[in-house]
Amino acid sequence: MGFQSARGKQSGVALVTVLLIFAIASVIAIQMSSRLQLDLRRTENMLALDKGAVYARGAEAYAMALVPDLLKENPQASTLASQNLPPYIVEEGVLQVSIFELSGRFNINWLDSVNNDPDEPSVAAFERFTTELGVPAAEGRDLAIAIADWIDEDDDPTGVAGAESQEYLRFEPPYRTANRPFQNISELHLVRGMTGPLFEILKPFIVALPVSSKLNLNAAPVPVILSLSEKITAESAQELISDREAAALKDIPDYLELGDNPVAGNVIFSPEYLLLSTEADILGRKSKLNSVVYLPTGRNTKPTVLSRNQSMF
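When you read off a place in the sequence shown, starting at 1, and then add 2, the result is the number in our numbering.
A hint or two may mislead.
[As the list claims (entries may be wrong)] Derived DEER-like restraints, expressed as beta-carbon distance ranges: (1) Asp157 with Thr197: 19 to 27 Å; (2) Asp157 with Ala249: 19 to 27 Å; (3) Thr197 with Glu259: 50 to 58 Å; (4) Pro298 with Ala249: 52 to 60 Å; (5) Gly286 with Arg37: 31 to 39 Å; (6) Pro298 with Lys233: 15 to 23 Å; (7) Lys252 with Lys205: 55 to 63 Å; (8) Glu155 with Pro176: 17 to 25 Å; (9) Asp71 with Ala31: 18 to 26 Å; (10) Glu122 with Arg172: 47 to 55 Å; (11) Leu73 with Lys205: 23 to 31 Å.
[To be verified] Here are the simulated EDC-like cross-link-like pairs (lysine to aspartate or glutamate), alpha carbons at most 16 Å apart as the crow flies: (12) Lys233 with Asp262; (13) Lys233 with Glu259; (14) Lys288 with Glu93; (15) Lys233 with Glu93; (16) Lys205 with Glu189.
For the record, the hints were derived by calculation from the structure and aren't laboratory data.
This one's a predicted model, so the numbers in the text were calculated from it and none came from an experiment.
The C-beta atom is built at its ideal place from N, Cα and C for all residues, glycine as well.
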């Protein structure tokens, strides 16, 4: 009787052990299955993103090939602003490309210094530009000088309004000035005097392009037109916009009174830089690519990509 009781107890222990092992194995199997599903989803996401990036580059190439034709359709090439190309359907999704004119914006790199001193005409132009946008003149001028200091090669602040590395190193976290032209307008957030609300005011009208870039008068909005000279009034700027809507400008109207103003040499009448904004929606996942494109002048010249990024231009 005692022997049978002992065997019964052993059988019970064995059963509990088997059930425990089964439970542990089940938990491990569930965890492995969950981890496998997670890994599969991650892999799917990575593959979709990779495909999206490839498709976005393909959409960029597609748009680049169309730009010369778009320019031919518009012989004056006054502006290619905000042109949305028809969606391009691919096997796994859709591609969308938009083209934006950049040459009509105020290039913040025009504030590049001369011999490490702010270029006064450029500072004055920026002050006029920001004043038209509702920024107090003194604030706009101080910001222009701080921007010039950010770009110039030395670490000597320009007067009270200037700011160089020794000031930014006191910030939290500390950092240094770039001492080079801006690569992206988002860098302005690092410049002393720039605030979030002010950046949002300037953002639609500014761009970071090579210092040598010129202004397309056929695409410039009123604030940028007014930046050219203190002689230009809001009325004459509006008149210019009305004139170019009727027919693209081929030269600078006399009523702008630029005369021998050196800024006249910085004016052009066709696009020089464009933004190709591509979006690939592949397998329900979106990939975006912003490409700044340079349009060289002359025959048999092709557009070239200056830069690519997934943020602001």
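How the hints compare with the structure:
1. Asp157 with Thr197: 19 to 27 Å: Because 24 Å falls inside the window, the suggested range holds.
2. Asp157 with Ala249: 19 to 27 Å: violated, 50 Å
3. Thr197 with Glu259: 50 to 58 Å: violated, 34 Å
4. Pro298 with Ala249: 52 to 60 Å: This hint is violated: roughly 25 Å between Cβ atoms.
5. Gly286 with Arg37: 31 to 39 Å: Violated: the Cβ-Cβ distance is about 23 Å, outside 31 to 39 Å.
6. Pro298 with Lys233: 15 to 23 Å: violated, 32 Å
7. Lys252 with Lys205: 55 to 63 Å: Roughly 30 Å apart at Cβ, these two residues miss the hinted range, so it is violated.
8. Glu155 with Pro176: 17 to 25 Å: The hint (17 to 25 Å, Cβ to Cβ) holds, given that Glu155 and Pro176 are roughly 20 Å apart.
9. Asp71 with Ala31: 18 to 26 Å: violated, 59 Å
10. Glu122 with Arg172: 47 to 55 Å: violated, 28 Å
11. Leu73 with Lys205: 23 to 31 Å: holds, 27 Å
12. Lys233 with Asp262: holds, 13 Å
13. Lys233 with Glu259: Within the cut-off at roughly 7 Å; holds.
14. Lys288 with Glu93: Status holds; Cα separation ~15 Å.
15. Lys233 with Glu93: violated, 56 Å
16. Lys205 with Glu189: Holds - the C-alpha atoms of Glu189 and Lys205 are around 12 Å apart, at most 16 Å.
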